[in-house]
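Given the structure of chain A, go ahead and fit chains B, C, D, E, F and G onto it with the hints provided.
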Amino acid sequence: MRIRGGREIRGELQGYDLHMNLVLDNAEEMVSDGENIPLGTVVLRGDNVVYISP
Amino acid sequence: MRIRGGREIRGELQGYDLHMNLVLDNAEEMVSDGENIPLGTVVLRGDNVVYISP
Amino acid sequence: MRIRGGREIRGELQGYDLHMNLVLDNAEEMVSDGENIPLGTVVLRGDNVVYISP
Amino acid sequence: MRIRGGREIRGELQGYDLHMNLVLDNAEEMVSDGENIPLGTVVLRGDNVVYISP
Amino acid sequence: MRIRGGREIRGELQGYDLHMNLVLDNAEEMVSDGENIPLGTVVLRGDNVVYISP
Amino acid sequence: MRIRGGREIRGELQGYDLHMNLVLDNAEEMVSDGENIPLGTVVLRGDNVVYISP
Amino acid sequence: MRIRGGREIRGELQGYDLHMNLVLDNAEEMVSDGENIPLGTVVLRGDNVVYISP
Numbered sequence: 001m002r003i004r005g006g007r008e009i010r011g012e013l014q015g016y017d018l019h020m021n022l023v024l025d026n027a028e029e030m031v032s033d034g035e036n037i038p039l040g041t042v043v044l045r046g047d048n049v050v051y052i053s054p
Numbered sequence: 001m002r003i004r005g006g007r008e009i010r011g012e013l014q015g016y017d018l019h020m021n022l023v024l025d026n027a028e029e030m031v032s033d034g035e036n037i038p039l040g041t042v043v044l045r046g047d048n049v050v051y052i053s054p
Numbered sequence: 001m002r003i004r005g006g007r008e009i010r011g012e013l014q015g016y017d018l019h020m021n022l023v024l025d026n027a028e029e030m031v032s033d034g035e036n037i038p039l040g041t042v043v044l045r046g047d048n049v050v051y052i053s054p
Numbered sequence: 001m002r003i004r005g006g007r008e009i010r011g012e013l014q015g016y017d018l019h020m021n022l023v024l025d026n027a028e029e030m031v032s033d034g035e036n037i038p039l040g041t042v043v044l045r046g047d048n049v050v051y052i053s054p
Numbered sequence: 001m002r003i004r005g006g007r008e009i010r011g012e013l014q015g016y017d018l019h020m021n022l023v024l025d026n027a028e029e030m031v032s033d034g035e036n037i038p039l040g041t042v043v044l045r046g047d048n049v050v051y052i053s054p
Numbered sequence: 001m002r003i004r005g006g007r008e009i010r011g012e013l014q015g016y017d018l019h020m021n022l023v024l025d026n027a028e029e030m031v032s033d034g035e036n037i038p039l040g041t042v043v044l045r046g047d048n049v050v051y052i053s054p
Numbered sequence: 001m002r003i004r005g006g007r008e009i010r011g012e013l014q015g016y017d018l019h020m021n022l023v024l025d026n027a028e029e030m031v032s033d034g035e036n037i038p039l040g041t042v043v044l045r046g047d048n049v050v051y052i053s054p
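Chains A, B, C, D, E, F and G, in that order, are what the protein sequence lines are. Under full-length UniProt numbering, read the first sequence as residues 1 to 54, first letter to last. Under full-length UniProt numbering, read the second sequence as residues 1 to 54, first letter to last. Under full-length UniProt numbering, read the third sequence as residues 1 to 54, first letter to last. Under full-length UniProt numbering, read the fourth sequence as residues 1 to 54, first letter to last. Under full-length UniProt numbering, read the fifth sequence as residues 1 to 54, first letter to last. Under full-length UniProt numbering, read the sixth sequence as residues 1 to 54, first letter to last. Under full-length UniProt numbering, read the seventh sequence as residues 1 to 54, first letter to last.
In case anyone wonders, no lab produced these hints; they're calculated from the structure. All C-beta atoms, glycine included, are put in the ideal place defined by N, C-alpha and C. You may find that some hints are simply not true.
[Said to hold, decoys possible] Some chain C residues judged to face chain D by a derived CB distance under 10 Å, without partners named: (1) ARG10; (2) GLY11; (3) ILE52.
[To be verified] Between beta-carbon pairs, the in silico distance windows are: (4) ASN36(D) - GLY46(B): 19 to 25 Å; (5) GLY46(B) - MET30(C): 22 to 28 Å; (6) GLY6(G) - PRO54(C): 39 to 45 Å; (7) ASN36(G) - GLY46(E): 31 to 37 Å; (8) MET30(C) - ASN26(E): 19 to 25 Å; (9) GLU28(A) - SER32(C): 35 to 41 Å; (10) GLY6(A) - GLU12(F): 37 to 43 Å; (11) GLU8(B) - GLY46(E): 33 to 39 Å.
Looking at chain A on its own, in the form it has when it is part of the complex (with noise of 0.2 Å):
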């Protein structure tokens, strides 16, 4: 999905509330020069979000 700032996270969508909230396993954050940073399983804040996308 993508999030504010221009960043992307990719990941499994384990669970979401009303706000948005994700919480993603696997995760990994996208970065321009194709080098993934892995993260584990992330708690997102929903106000972050721009969109999401499978």
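Using the frame of chain A, we list chains B, C, D, E, F and G on its own:
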């Protein structure tokens, strides 16, 4: 539609709610040099929306 | 009307609500070098509005 | 009055509400090189206001 | 007091409310090169305040 | 404590409320070149706080 | 965890609340050139959090 940070996303509107959260099918992010990024079905957080146009 | 980020949009006001969400017909985004972008009917989120002038 | 982004708007205060939304008559946007932009009657969203001075 | 965007305003505090909206008499905007801008009585929106100091 | 915009303020915590509004005695704004600005007693709006450390 | 403005803070999570306000022990601010800044116990305001990862 136009979103914050000067980006533009187009797609078929499938649903929305009171906060202007939107579900779009066959969405694409428009890039200024003419090459669009296909996103598939996206959920777009309403507080990133600037305006919606057909 | 003037919106955040220095942009200006003009159109015929068709409706509004308490959050200053606006519906505009025949809207145009004014560009500083004088070439306007026609947008048709738009829904503009109120929290992007700076001021509305006739 | 001073608004966010370093801009300044002057006019005759006609009305306001609890959110500091303001209605100004004969409003002008002050430009730093001394040439003001006349705006007529404007509705200014309160959350763009930094301060109001006479 | 210090406000967002690195600006500083000084004046005699005449009133305030729960949102830290402030009324200041004889207010001045402090400019970094030492020349202050007199503002008279101002109403300052609380959400622009960073801190208040004597 | 660290506040938004990369600034840091230190002082003796005298009080706080649910919004993390803080009252500090003998506060100082830390400047990167090592020369601190004494502020006396300050009221700091909670929404500018990033984190509080001893 | 990642916070707004590209900063990263690590520590042992001691507590949290519904707004994602966090209490961290032995917290450190990670600096890009590899030299971390020890912060001790910190209270981090939830609205600065982008995501939390282990």
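For each hint, the structure was consulted:
Taking 10 Å as the C-beta contact cut-off toward chain D, the hint placing ARG10(C) at the interface is violated, the least distance being around 13 Å. Below 10 Å, beta-carbon pairs count as interface contacts, and GLY11(C) has none with chain D, the closest being about 15 Å; its hint is therefore violated. The beta carbon of ILE52(C) is positioned within 10 Å of a beta carbon in chain D (closest approach about 4 Å), and the interface hint is therefore held. Taking 19 to 25 Å as the suggested C-beta distance range, the pair ASN36(D) and GLY46(B) does not conform, at roughly 36 Å.
A C-beta distance of roughly 25 Å is found between GLY46(B) and MET30(C), which places it inside the suggested range of 22 to 28 Å. The hint said 39 to 45 Å for the Cβ distance between GLY6(G) and PRO54(C), and at roughly 43 Å that hint holds. Take ASN36(G) and GLY46(E): their Cβ atoms lie about 36 Å apart, and the range 31 to 37 Å holds. For the pair MET30(C) and ASN26(E), the supplied restraint of 19 to 25 Å is violated, since their beta-carbon distance comes to about 40 Å.
GLU28(A) and SER32(C) have their C-beta atoms about 40 Å apart, which keeps the hinted 35 to 41 Å range intact. A hinted range of 37 to 43 Å holds for the C-beta pair GLY6(A) and GLU12(F), which are about 40 Å apart. Hint check: GLU8(B) to GLY46(E), Cβ distance near 35 Å, so the stated range 33 to 39 Å holds.
The earlier numbered hints that this structure contradicts are 1, 2, 4, 8.
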